[in-house]
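**Q** What follows is the residue order along each chain.
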Amino acid sequence: MLIMACCFISIAHSHNCNSKFYGEVHDFHDGLPIIGAAIYIETLDKYTTTDINGKFSVENLCDGKIIVSVSHLACETKRLEIQISGDTFYIINLEHHIEELNEVKVEGNRIAKLTKTSQETLLKTDVIERFSSFSLGDALKQISGVSSINTGNSIVKPVINGLHSSRIIVMTNGVRLQDQEWGIEHAPNIDLNTAGSINVIKGADALAYGGDAIGGVIVLRPSSVSLKDSLYGKTITSGHTNGKGFSLNSSLTKTYKKGWYMGIQATMKRFGDFEASNYNLTNTGLNSKGFSIKSGYKTFEQGFNLYYSYLNNDIAILKSSHIGSIEDLVNAINSQQPLVIENFSHKINAPRQDVTHQIIKADFYKRFKKFGRLQVQYDFQNNKRNEYDIRVGNDRDKPAIDLTLKTHTFRTSIKADSKSNRTYKFGLNLGYQNNFANPDTGVRRLIPDYDKYDTGIFAISNFRLNDKTNLNFGIRYDFSRIDAKKFYQTSRWEERGYDEDFGNIVIDDLGTQLLTNPVFDYHNVSTSVGIAYNIDENNSLLFNYGLSNRTPNPSELFSDGLHHSAARIELGDLRLKQETSSRVSGTYSYNRNSLSINLEAFYNHINDYIFIEPTGTELTIRGAFPVWNYNQTNAMLLGLDVNANYELNEHWLFNNKSSFIKGRDLTNKQALIDMPSFKTVNTLGYSNKKWLQLNTELQSELVLRQNDFPNNNFEVFIPTTEEMVLVDVSTPPKNYHLLHFKSDITLKMSQKTDLNIGLNITNILNTSYREYLNRLRYFADDLGRNIMLQLKFNY
Amino acid sequence: MKILKKISILLISTLVFNACSNDDDNPAPVNEEEVITTLTATLTPNGGGTAITLQTRDLDGDGPNAPVITVSGPLATNTTYNVNLELLNETESPAESINEEIEEEDDEHQFFYQITNNLATFSYLDFDGDSNPLGLEFTVTTTNTTGTGNLTITLRHEPNKNASGVSDGDITNAGGETDIQAVFSITVE
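Chains as they are written, first to last, in the working numbering: chain A, 1 to 795; chain B, 1 to 189.
Because the hints were derived from the structure by calculation, they are not lab data.
A hint or two may mislead.
Listed below are the simulated SDA-like cross-link pairs for lysine to any residue, each with C-alpha atoms no more than 25 Å apart in a straight line [to be verified]:
| hint | chain 1 | residue 1 | chain 2 | residue 2 |
| --- | --- | --- | --- | --- |
| 1 | B | Lys-161 | A | Ser-335 |
| 2 | B | Lys-161 | A | Asn-349 |
| 3 | A | Lys-398 | B | His-157 |
| 4 | A | Lys-347 | B | Glu-177 |
| 5 | A | Lys-384 | B | Glu-34 |
| 6 | A | Lys-398 | B | Glu-108 |
| 7 | A | Lys-425 | A | Phe-364 |
| 8 | A | Lys-398 | B | Ala-95 |
| 9 | B | Lys-161 | A | Val-340 |
| 10 | B | Lys-161 | A | Asp-395 |
Looking from chain B toward chain A, a few residues come up when the C-beta cut is under 7 Å (computed) [stated by the list, open to error]:
| hint | residue |
| --- | --- |
| 11 | Ala-66 |
| 12 | Glu-101 |
| 13 | Gln-114 |
| 14 | Asp-179 |
FRET-style restraints, in silico, Cβ to Cβ [stated by the list, open to error]:
| hint | chain 1 | residue 1 | chain 2 | residue 2 | range |
| --- | --- | --- | --- | --- | --- |
| 15 | B | Asp-130 | A | Met-262 | 52 to 62 Å |
| 16 | B | Asp-130 | A | Leu-747 | 56 to 66 Å |
| 17 | B | Asp-128 | A | Ser-345 | 15 to 25 Å |
Backbone N, C-alpha and C define an ideal beta-carbon position, used for all residues, glycine too.
Next up, chain A with everything else stripped away, as it sits in the complex (with noise of 0.2 Å):
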């Protein structure tokens, strides 16, 4: 345990100088005193330090107000007010937990892991920032062991070793995001500006999260504020030649001594057509805009927070990937390049997605003296999705799907850390949630109105065993309750075999129509283990299990009808029950001078896990459809993510980060769907500070073939051509390798402002490429070059 104290005390003069000035100083924490704390004297050039009962005396000061600043390295800087009236005595209390000082903040940025003993990775402010213009799912993609899943461009949704959607927990600002996630065509609906940091835990071992994370844990986290009087801001800019958008991001905090504190921040991204290396890419433009406001008081001992965030976007999809049969897909497949190319356009014409997502968080926290800290939060989201299809008639601009999800959360949690070598935090989460699909839209609601009830109880405790091992250990119990009233259509009731299993739960015969009401309950423990262990100064590692389980989304559980851009039927199970995954991982982290290497290594076995898969066709007015099914099977993924880090001299730096997964269906004996490819960068970087502040790098990306995937082709009559075709919606694209460019330089404007200029050219050799996880790749080529330009102000 480093220790470390200094006061500083400056003495107005007066007329008694024969005054003492002497105390103690105690650990915040467990009230024990603190040793060899130095105490100076600023006025006087006195200087002394505690001594091994955390005492301290100060002799000869004359009365009056003295000021002590108590600053602690790495530590929060304490200042008080005395007033020296002969012998004063006075306990100082001093914080050493480190990470606790997340709270509040003096000087510098200090961000801190979550987890001691996981697989964590943190991205800080820097990254953050240069992809202020992108999404969450293309900034979280420099992690290794991260990729994304992508319906074009701008829908992104992160994946964590294999495993996205339902299988990840995003928690902003405290509030763990509802926005539907169950849909891959629905991305995260964050505005990366509002974050200061962002961690991934990889693996269920955040069970503080939740219990359901088989996949991870993103955590993004507002920048912290100081306690000082200030007023800061920052505005970012940039414009991009692919889809001839740019992007405006602003913010504003105004901070106080006392702990009060107010902030602002607004974004506003806006882009056209993108363009493949060879075409444009007709309907991909994006037009996002955001805001949130935040204020509340903070110090060490008590605090608040209030925060409202409020998010829209609408995107554009490739109008080529509207199609409404078959024989539509087979020709988009054949066709090397989509159906649609138009000139450049700004505008967002549909198939179009309007998501706005709104977020209103209230919290409190207490810390008590040798106990710990208490904190109580309430976080209300509405979440609204509008779909709009290509449409005729009255009904062209009406959306297709309209859905507004509503949550509210109670969550409150206590930390007793009154022992820097055991801590505990206890917590009980209760949530409510409600579906609502607007029947106007005058199609078949694709998720019915539903209402949901959650009851989460976890205890997490954390031992240092000495200097050299970690242990963790958590238990976590969750109730679920969803509660829908969905339409079934007759036909569809009998051909699942509903009527005689869920017979009873039909509360209404419309005739060609049924309208049920399922209810169904879900007990799910959780547990986690953690060990990390310092091998020696070079050497660690790290060793977890996490046992979770995760219920059926609504997805899974109800979807009932036609996919348009996928071409398929795609139904639901009421039968599904909840999947389990125990997940086994190591981590190796060697860490000498100019080299850094860390290999995280997992194996994942999943018990009824849930997925899609062909099970026949169906023929429709439209023609033949294939019909995929979800269903579960027992599954396991394994993999390594490497990253390495070499600094060659002060400025030459190599970076390598790999990834290779591997996904197994145990039960089918076949390739899961949908797994990441093995995917190395390369990096090679320059840097130089006197150059003002310049940093460049060359990246390359390499991502080979997927070659282990199930082969879900099927041959279809099309009555056009009168020949069966075989319909190849399995086989991935080929290899690619793209080059990046990225620098920037920094400019001091004055004593407070600063102007960073970046300039990065992304796939700067123009290559054409399809990947495996874009699920437009049937229809067109990913993106071509981009030329970025980038004004950042600091002030």
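Fit chain B to the supplied structure of chain A, relying on the hints for placement.
**A** Leaving out everything else, chain B in the frame of chain A:
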């Protein structure tokens, strides 16, 4: 106190919010508006005779039941038939005609016809404002070949009517989105 006041205002306001949105009534059923359940082609022989009807009818739309396809009788050789198409949404009661919508947006729709074994030829009778074919009305002229074959009627939404061959009824370059594709097994005697 100030803190508590703010938090309680927030809590109360969200409770009110919640109370308004929470509604125990059963949801209203959705009757699909754009579903085309039924396509009927009425073939009237030029110069009189019994009309022949071809029909495809799929009352559960995207549901599991396959469309029911009926052909009322055989066609005669060397005969020209005037054909009228009628499109219905029979999930609504009374059934809604879709013809009107298609006529209103005739520039965004086109029917295509194909037949195997060279049993007949087709020509359009109705056109949009740009004089491009629509195809709710057309003629079928049988040749002197007898036999059986497949007559396919396809409706494309937003086809590229200016693409090569499309205005002559060739679907190859039409693109767009398929709204209907019906295959009728017919006999010419």
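**Q** The structure should be examined with respect to each hint, and the outcome stated for every one.
**A** The hints, checked one at a time:
1. B:Lys-161 <-> A:Ser-335: 18 Å, holds
2. B:Lys-161 <-> A:Asn-349: 20 Å, holds
3. A:Lys-398 <-> B:His-157: 17 Å, holds
4. A:Lys-347 <-> B:Glu-177: 21 Å, holds
5. A:Lys-384 <-> B:Glu-34: 23 Å, holds
6. A:Lys-398 <-> B:Glu-108: Status holds; Cα separation ~18 Å.
7. A:Lys-425 <-> A:Phe-364: Holds, at about 16 Å.
8. A:Lys-398 <-> B:Ala-95: 22 Å, holds
9. B:Lys-161 <-> A:Val-340: 13 Å, holds
10. B:Lys-161 <-> A:Asp-395: 23 Å, holds
11. Ala-66: 4 Å, holds
12. Glu-101: Nearest chain A Cβ about 4 Å off; hint holds.
13. Gln-114: 6 Å, holds
14. Asp-179: 6 Å, holds
15. B:Asp-130 <-> A:Met-262: 52 to 62 Å: 60 Å, holds
16. B:Asp-130 <-> A:Leu-747: 56 to 66 Å: 58 Å, holds
17. B:Asp-128 <-> A:Ser-345: 15 to 25 Å: At roughly 24 Å between Cβ atoms, Ser-345 (chain A) and Asp-128 (chain B) fall inside 15 to 25 Å, so the hint holds.
Hint violations for this structure: none, all hints satisfied.
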